[in-house]
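Engineer: Letter by letter, the chains look like this.
2 protein chains.
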Amino acid sequence: MPRRPHAVELPPIGELDRSSGQLGRQLAQALRDAIRAGNLKPGDLLPSSRLLADSLGIARGTVTEAYEQLSAEGFLESRPRAGTRVASALASQRVMDMSMGSGARKRPAKAPPIAMPEPAPAFARIAAQFKPLPQVPFAVSVPAGPAAPDETWRRLGNRLRARGSGAPSGYGDPQGVKALREAVADYVRRSRSVQCSADQVVIMSGTQQGLHVACQVLLGATDIAWVEDPAYRGITGILEGMGRQDRMVRVPVDDAGIDVDAGIAMAANARAAFVTPSHQYPLGMPMSTARRNALLDWARKNGAWIVEDDYDSELRFAGHPFPSLQGLAPDRVVYLGTFSKILFPSLRLGYAIVPEVLVQAFCGARLLMDRHSPSADQHVLAAFMKEGHLDRHIRRIRSVYADRRTQLITMLKRWIPADLAWLQPSDQGMHMVLWLAHGMDDTLLASRALEAGVAVRAVSPMYSAGNGRSGLVLGLGGFSNEQMEAAVHILAAIIASMKKVRPRRRASA
Amino acid sequence: MPRRPHAVELPPIGELDRSSGQLGRQLAQALRDAIRAGNLKPGDLLPSSRLLADSLGIARGTVTEAYEQLSAEGFLESRPRAGTRVASALASQRVMDMSMGSGARKRPAKAPPIAMPEPAPAFARIAAQFKPLPQVPFAVSVPAGPAAPDETWRRLGNRLRARGSGAPSGYGDPQGVKALREAVADYVRRSRSVQCSADQVVIMSGTQQGLHVACQVLLGATDIAWVEDPAYRGITGILEGMGRQDRMVRVPVDDAGIDVDAGIAMAANARAAFVTPSHQYPLGMPMSTARRNALLDWARKNGAWIVEDDYDSELRFAGHPFPSLQGLAPDRVVYLGTFSKILFPSLRLGYAIVPEVLVQAFCGARLLMDRHSPSADQHVLAAFMKEGHLDRHIRRIRSVYADRRTQLITMLKRWIPADLAWLQPSDQGMHMVLWLAHGMDDTLLASRALEAGVAVRAVSPMYSAGNGRSGLVLGLGGFSNEQMEAAVHILAAIIASMKKVRPRRRASA
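Those protein sequence lines, which keep their order, are chains A and B.
Mapping to this note's numbering: the first sequence position 427 is 427, numbers consecutive.
Mapping to this note's numbering: the second sequence position 378 is 378, numbers consecutive.
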């Protein structure tokens, strides 16, 4: 038998706090609570707004407002001449109980335990591996001291934000601000022999995003990708995150760069190759011309695409930078560059130079990811480049980093015995690899160093499973010689202490 | 028989331009060209650096530099006492030819045509559909006139960039700047009844990125997702881009929001539901309490996650905003908010409020996408919120938008006959839906409007195939009444002209 509607004279609500204002909101919350607590039940009739207003000593409009709000939320139902009632369609009491203030965080006894989503643990591991390093030696590209952009950057920004082009605006072009695309096209043509127009430039938040978009656009569900072994964790992480582990072929790298013959033997039919020809990451050598030609040859024969990650070619200390691979095959290569390293990482601006046929696809994938980069700093960077400040900044920091690098090499050779750790030869870039003697666990070493206030990255996770070599990536930033020297001493002590540690037995990979 | 090495007296290089400087670079390029042109062949011996320097009348160091550069690039090989030769390992002449200046853009006749990568066309279509609208009526959320943030935003930014916290820095926390996470947690607790701590806040570049990261983290390879029908193209586009079309179940929406029973009938075992409970996109009604409870009930029973896209709940014009779904089930709901709409879109800052167990996974997925949001504006926004400017701004624009909305409703009713187009009732948000009479093609209408300088979005592409209704999304921005009135007249004229168009026969969907 249906419960007879219960005509409520005055609903069971507590005191309203007149001093805090928002009486309508308070009343709505009180009624909501009363319904949730079961003090008002489905079908119950509420007093007229006039009656309730009088009895509470508040304006009638306040009550009307609360009734309308709760009607919109579905707690109440009003019909002309039938008055306002607690809605009869309110769903299960159990969920209603859940929504009550203090009870809301408790899980009901019968609900199944929350299972982690299938992809979540892998992403959580990535977060742990990429945990940002504190800005101490040897974090890479820390814009401190003489490596920081000078006051021009800030003053130019203030000017543009005041004048208009850097001011708040609506949604922008996913391809990026035109002035910046023009400046980038000019810059890469001039400095990197990249063949492109501004229409082929897609502004990205850095090479990480460029790699992500390239993976999405270039790789169909069953397509295979070549990735260098070792490689930047950023690219292997993306492919793992996309569930493409089984279609990622790790191609070994030797002193001339990626071993194209090995790649062909492993997977001649790959659809894309991700390479770092200017400065292999993390090892640091450039790809030889013979290998460049072989790679392009393979790509043309097999209809494959090449993604050229050119993350820090500005910093070559001997000779001038290699011309880009893109310049040799502009219809086949996606070229990625970034201002994170050369200007400052927290800016989050970089670019992809994309064959014309792929430009719209890159824009679409970028759009779905985050629509576009913030506009204001794109205008600032465009002006910074156009007025020649970037070229001056690069010349300046090239000499800063060359000096830091020489100093660091000297310190490492002096303080760390060569049988425990030695440097990988390289004449370019913002980092160096310090190899560790066999049996030293680089991941453990890196975490001990971090505890002692020194920031290094382990090299072994950059290799495919089972192929890892133990080493450390040391980044160059705007650190003083004193800071670097202190950090080298700490590192030397930790390395010496690890010598005594027996090699840990590894679980089979 | 191997070709006998050819000892070159003087290599066949052209003139060096002494006036332009960079002689080493010029010499390297000349030698590179000679090798590529076949004028210097693999194995050919080059003159000593001293001899070449003397004959060219340049410094010996300049020649050494060029030789070293070309050795690094793999063009030359040097051995002690054996002199410098053109490298014998140079790969195929065909690719070499390709790399020559003017020839580089021509595809050799025998190379297979370039095939588009499999995913590219779908992304290119997304780019076309999302093409940014010009900042004219009725583009959504254009921060012009009284809807723009006042000078406080700029002055505060200048102050923070000068003082340090907004200055250039190294890589930041993928979760976001702590001060901003604290300000966001405080804001959503206060204004949206969201239950969270700052540790559960992950700063995003907007709801688009929040949706993308949520899709990656929550959905395993075979998991099904519920998506409203109609829905924001941003979420359906992401799932299509991830190749998940077949695992996206479109659940119909009625006047009370998503039809949970229908969803259960279609796919009770879905792993996630993407919903817009405060203000269904695009239709504009809130989800009723009964539906909220039913949705949470289903999610708990089936171990599913709910993604609550709360893109513009600040702008409710009647009553105060609904409390969030997240507040009813904080361990089950991912809550997404954005400052794009309420502050300005080109800022690209928003946030996800994430159950504790998923925070690290969200950070990892964000990291792989673009590492983190630019730091400077995060600091500016944190201060803007902490100092109360955001609350003031919201109060101000709420009244601006309420006024614009009333004006626009009046204009539309006045100038467009109700049998051709009528408004969807809604009391919230920055946009309205104008339904079109049967047979009017909204996509065609939108493109004609754009040609005439009026920005609207078609509604039918937001529906699943075959279920589309014809309508237009009209956004509110800081446009003057004169601008809006002019745009309404244009729209009225186009709608009237389309009436005469016979309904186009649609291909079966």
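Derived by calculation from the structure, the hints in this document are not laboratory data.
Each hint should be verified, as a subset may be incorrect.
Copies of one chain are not kept apart here, so a pair can be met inside one copy or by any two copies together.
Unchecked claim - With a Cα cut of at most 30 angstroms, we get these calculated DSSO-like pairs of lysine-lysine:
no.: 1; residue 1: Lys301; residue 2: Lys41
no.: 2; residue 1: Lys178; residue 2: Lys41
no.: 3; residue 1: Lys413; residue 2: Lys41
no.: 4; residue 1: Lys131; residue 2: Lys178
no.: 5; residue 1: Lys499; residue 2: Lys131
no.: 6; residue 1: Lys131; residue 2: Lys413
no.: 7; residue 1: Lys386; residue 2: Lys131
As the structure is a prediction and not an experimental result, all values here were calculated from the model.
Engineer: Decide, hint by hint, whether the structure agrees.
Structural biologist: Evaluation of the provided hints:
1. Lys301 with Lys41: between (74 angstroms within a copy, 25 angstroms between copies)
2. Lys178 with Lys41: neither (61 angstroms within a copy, 44 angstroms between copies)
3. Lys413 with Lys41: neither (80 angstroms within a copy, 41 angstroms between copies)
4. Lys131 with Lys178: between (34 angstroms within a copy, 15 angstroms between copies)
5. Lys499 with Lys131: Result: close within a single copy only, 26 angstroms intra versus 59 angstroms inter.
6. Lys131 with Lys413: The answer is within: 29 angstroms in one copy meets 30 angstroms, while 56 angstroms across copies does not.
7. Lys386 with Lys131: between (35 angstroms within a copy, 27 angstroms between copies)
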